[in-house]
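Colleague: Join these two chains into a complex; the hints should help.
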Amino acid sequence: MPTYRRTTAVALAAAASSALLLSACTGSNDAGAGDDPNARTTLTFWHGWSAPSEVAAIEANIKTFEDKHPDIKVKVVKGITDEKLNQGLRTGGSSAPDVVSSFTTDSVGRFCSSRALTDLGPFLDTSGIDPATTFLPQMARYTEHDGTRCTVPLLGDAYGLYYNKTAFKEAGITAPPKTLSEFDAAVKKLTKAKGDGFERLGFMPLYLGYETTVEHYGGQFGVTYVDAGGKSNTAGDPAVKAMFTWQKKLVDDLGGYQKLNRFRTSLGDEWGAKHPFHTGQVAMQLDGEWRGKMATDAELDFEIGAAPFPVPDDRAADYGKGYLSGTVLGIASNSPRKNAAWELVKYLSTDTDAVVSFANAIHNVPSTMAALKSPKLNNDPLYRTFVDIAQHPESSHAPSSVNGGAFLLTLQDHAIAYEKGAEKDLDALLKKNDAQVDKDNEQAG
Amino acid sequence: MTTVPVPSAALRARRRRSALRTLGFLSPWLVGFSVFFAYPLIATVYFSFMKYDGFTAPSWVGLKNWAYVFQDNPFFWPALRNTLWLVLVMVTCRVVFGLGIGVLITRIRTGAGFFRTLFYLPYLAPPVAATVSFVFLLNPGTGPVNTILAAIGLGEPDWFNDPGWSKPSLTLLALWCIGDLMVIFMASLLDVPKEQYEAAELDGASAWQRFRFVTLPNISPIVLFAVITGVIATMQYYTEPLVAAKVASGVIGGSGQHFEPGYPDKSTLTVPQVVYNLGFQRFDTGAACVVALVLFVLAMVFTVFLMRRRSGFMSPED
Chain A
0 MPTYRRTTAV ALAAAASSAL LLSACTGSND AGAGDDPNAR TTLTFWHGWS APSEVAAIEA
60 NIKTFEDKHP DIKVKVVKGI TDEKLNQGLR TGGSSAPDVV SSFTTDSVGR FCSSRALTDL
120 GPFLDTSGID PATTFLPQMA RYTEHDGTRC TVPLLGDAYG LYYNKTAFKE AGITAPPKTL
180 SEFDAAVKKL TKAKGDGFER LGFMPLYLGY ETTVEHYGGQ FGVTYVDAGG KSNTAGDPAV
240 KAMFTWQKKL VDDLGGYQKL NRFRTSLGDE WGAKHPFHTG QVAMQLDGEW RGKMATDAEL
300 DFEIGAAPFP VPDDRAADYG KGYLSGTVLG IASNSPRKNA AWELVKYLST DTDAVVSFAN
360 AIHNVPSTMA ALKSPKLNND PLYRTFVDIA QHPESSHAPS SVNGGAFLLT LQDHAIAYEK
420 GAEKDLDALL KKNDAQVDKD NEQAG
Chain B
0 MTTVPVPSAA LRARRRRSAL RTLGFLSPWL VGFSVFFAYP LIATVYFSFM KYDGFTAPSW
60 VGLKNWAYVF QDNPFFWPAL RNTLWLVLVM VTCRVVFGLG IGVLITRIRT GAGFFRTLFY
120 LPYLAPPVAA TVSFVFLLNP GTGPVNTILA AIGLGEPDWF NDPGWSKPSL TLLALWCIGD
180 LMVIFMASLL DVPKEQYEAA ELDGASAWQR FRFVTLPNIS PIVLFAVITG VIATMQYYTE
240 PLVAAKVASG VIGGSGQHFE PGYPDKSTLT VPQVVYNLGF QRFDTGAACV VALVLFVLAM
300 VFTVFLMRRR SGFMSPED
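These protein sequences, in sequence, are chains A and B.
For the first sequence, numbering that gives the first Met the number 0 begins at 0 and goes up steadily by one.
For the second sequence, numbering that gives the first Met the number 0 begins at 0 and goes up steadily by one.
Bear in mind the hints are in silico, worked out from the structure with no lab data behind them.
One thing to keep in mind: the hints can contain errors.
With a straight-line cut-off of 27 angstroms between C-alpha atoms, the simulated DSSO-like cross-links for lysine-lysine are [to be verified]:
1) Lys-431/A - Lys-63/B
2) Lys-258/A - Lys-187/A
3) Lys-63/B - Lys-292/A
Same shape as in the complex, but just chain B (with noise of 0.2 angstroms):
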């Protein structure tokens, strides 16, 4: 018969003590997750089958509210899409654009600081003032871009009055504004070993396959960085489209006045508008919930999908 050896009682109180201790630096984290995240995650799902107001007790619906978001409500399907739409159509151009900016102006030897701050600039413009100059720029009537455009003799669009142009409307919009994504490549691009690219010119490696062999697995942490950053803020993507909107419909304000979400034809309704309007403008937090928690899991289904694609992206030494 074997004999498990019992800790002595100094052992115990060590092992307490660095339990506590652990907690201890733990704390601030734990709270901020409980309070932060937690406790409004679980309260998000327990209202998600309630119905309340913000002003009378939550009562029990089951899955009424479920039922409403996914079948009734008009604005939930058509949300989703513009949002997976923006999604995969945004981020790569954005990721694709930024990446172009950054490679070119690294390489310029002469003006690169005029450059670097023309294309930063538009980013520090607030995003309403940015999308409501945009939508001038872009107004089909009146707008310098379609003057330029007839006079060359190309096609007028109607931008941000068109359903079939208000979101490459809106990536435009999101290219002119890429000062963010830009800075984060040009660093990440001056920090290549110069001696990789020595060595790949003495192998007589072409200009592409310089980027493709040397830069691109140098800079892919950057790259999947930008790629998980750039779709957790589309999935929040609110403020430009609902301007653009706005000041595109001409219904800016005033009474008797009826704001048409997502014109034209529902084309730049996001998902985070469709939770604002049903919680906040239509009193209706069980459903709200419910479009938050959609947000919440497939923000959860790209973040995920993406950290398991990461080898293709990052050595082991990332």
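Looking at chain A on its own, in the form it has when it is part of the complex (with noise of 0.2 angstroms):
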């Protein structure tokens, strides 16, 4: 080969390996993440607030962001659900989203594995932001997927349990209940009949009562779902079996399936004014953070108060957490725009000030350790009470998979199966979610 190919050869595979290493060190992997993240640009925006107050916050967020980074715009466009991001993450275009927010924490396995956001570890690098210490280590954890990061938390929610003090009075119940033992004998001694249903009920146990989810009843049995083979372990996990013959008993003891499902389909919308724990048609609920805001709203005539919910017995020194998901945040693979759009997410979910000020306004927990930390971040006695359970230790969120939720849409078709009486062999019934949650991760993966 003559001196000078050889020569342009060397200098072509140098420069080629430069841009790659620098991009590489710069969190510009992925293709079109070349951008001067000082250039002037106009990002797009979508998040799923649509509540006049909510929007408002994000907004006044968004042009504190604007003010310190002039070259940069942002377009906002509010009332985003995960249909609508899905599609536009896929399409891509002019007016397809840069940065993205989804409440549905279950989808950041999905939007991993299927590269639909990128990756944000290299741009965590390079800004010197370590997930693990920036972030609580619960919503560090969920929102990554096999070492992918491609979200970051922007707020988190936490759920534990709203009680009727004035009810609790009423009935005797000096303390809320710290186990499940105790829990049971609460809902039974709050619980009015009336003819065929309830005047007031202690607790609607039921998996569509709402936030009564399974995941959410699962957090405090210590339900783990997955073997260390990454497989579907709800019928080899006794915590899942403890849970389900716990919440059928509770079913049982109140009248059944039948009657208690009936005077759900009586109740209030969980959004609306008229939800049962404000009209005081059951006594305590299993919620997150913002019914506190949501009941103070409605001026309740009773007095309410909130506590972790319940543990089962065996593992009462666990008291104290809780549920744990929120809301996350990502930068769509396809955008041209990936370095500004970093210096977006990086704004909204790690500058203390506009996480708290967020917090605030919206009424959910912080997801940094500093915000959490600041003394700027309000101190309701009630919004307090998740914030500490969003701290604890123990508290969880269910692991990623490649299905998103899929698989706790599955296991929780069996446990109304279960709950309604038309499933009874209880260890059968596991073995088959575990195929078909198998069977389903299979053909996504």
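Modeller: This is the structure:
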């Protein structure tokens, strides 16, 4: 090979490898991440909030971001559901989002494995942000899948128990229950019959009773869902059986599925003023931190309290924990403005003032350690109960899955069949559940 | 030896011009057919053999998607059974009820305008609003329908919350929104020649005989039209069962909530819902294409069957 050709080849190889290395170092290993974050540009940000106060809060944060980054304008699109989000991420184009937020933490596994969202690992490295120490550890975990971090937490949700203090006094209950046996006793004391139904129900245990989903109960029982090999393990996990058995017994003790379901269908909707906890039709409610604000805004004529949801009697030492979830932020893989998009994601998710002000405004739990310690954080005792639940070391989230939340939906379907009494052999039911989840995961993987 | 006459150059040019003119007139249809039917159909067949999530390049998986849909997908068979039930029962009820209302309204002498408006109005309601209203009307605990049934001592079904009642409830909803079919039947009934009724009356035909041997033969093409369009629309039935299931289950939205498709017990799940679930919620375009193809084949089979049976409905003049 002539010398000049060899020199050219070496130079080209060096240039190519340098480009590769540099791009890896600057978080630009995805196609199109070579944009200048300081260039004049307009980002499109899709989010799911739709209530006027929530929209105003996020837009106030965006305004502050734009003031700090005068070359970046942000076009905000509100009220985006996950269905719209999926389509926007797939189709791309000039009106597609650069930055997206989703309320559905269960979808993170699907977002990461399909590469719908960009791997944020290199961006975090470049910015010197360690997710494990920046974010609440549990929230840092549920925003990645199999080592790929395609999202970061924005704000979190923690689940606990709301209770009607006035009804408690009337029933002679002096403190919120800590174990499930105490809880079951309180439910029965608080329940008042009326004809074939209820004047007041102590607690609505059905799996479609708003937030009484399998994973929210499962957090209290320490359900793991999968084995070490990643296979569905509900039949092999004693916590699942304990959860199913406890819930079914409570349903039966309160009169059975039919009676409870008929009462359930007569109740007001979860997001309206006629929520049965607001109307006094149920005395205790498993719910997230937002319920405290909604109940306060509804100006109830009784006093309410909040506490962690009880734990099984043999796990009494874990009392204080709860299920965690929240909003996640990511950058669309097909965005041509990833570096600018990262500036927005970094600001919204890690700037302490931004996180605290947004958490205070929409009554969600902050997702960063710094924001949780901030003196500016809301001091309302109801709210603080959930901030404490979020920081409990045993609080948890269901594992991420290549098939999103499909495994939880499958388990919930089987749980509903069990609570109804349509399925009686629990072991066989859980084996059937594992087989279905594994087949669905194999198809999705 | 015979010789084949060779067309002259002028004749060939005339034929070519004629062919080009024909193609020119056909081109809008050809473009529409290719873009909106042929290409999507070929692409659907192609993707049914591929693993494709919409983000990464498709890869060949052979019959894996087909096996998954037919053997392992928990929604496909219940959805197919429900769709077939709705095609048979709901379409029949809609045609019979629409025709019955049409006959009654054309016979009413006073207040016909009022009743026409009354029966047509629900059709104008957007499907989501109509379904939400209907679910509230049929709420087992607080709905006025069950309150009335209880007051007169009849049973109180759980309607959309009972798998045995959910599809009949959807059928009632479809009957409530019968306005479109009623108008079509009314137009065809008013078109039946009066002299045929007069002749039948002179022959001593009863009301039923006049309907059976005069009305029905005259409006049979419209009945066939109603059946075929009803079958195709029911094959695509999506919004009403989805909204009814969501509202009745109480899972309207919110973080951490899981909606049970087809609530209760998959009884309101339809095939288009499965296509959407697989394609747009689970990112499984390949399996969604398989289900879409099954739906396409079923719609074709029903339509061909009905068209072949049209001789029983239509006279040669039709």
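Colleague: Taking only the CA atoms, is the gap from Lys-63/B to Lys-292/A under or equal to 27 angstroms?
Modeller: Roughly 49 angstroms separates the two Cα atoms, so the pair is violated.
Colleague: Is Lys-431/A within 27 angstroms of Lys-63/B, Cα to Cα?
Modeller: 21 angstroms, holds
Colleague: Mind checking the alpha carbons of Lys-258/A and Lys-187/A for me, to see if they're no more than 27 angstroms apart?
Modeller: With Cα atoms ~15 angstroms apart, Lys-258/A and Lys-187/A stay inside 27 angstroms; holds.
Going through the hint list in order, the structure does not satisfy hint 3, though it satisfies all others.
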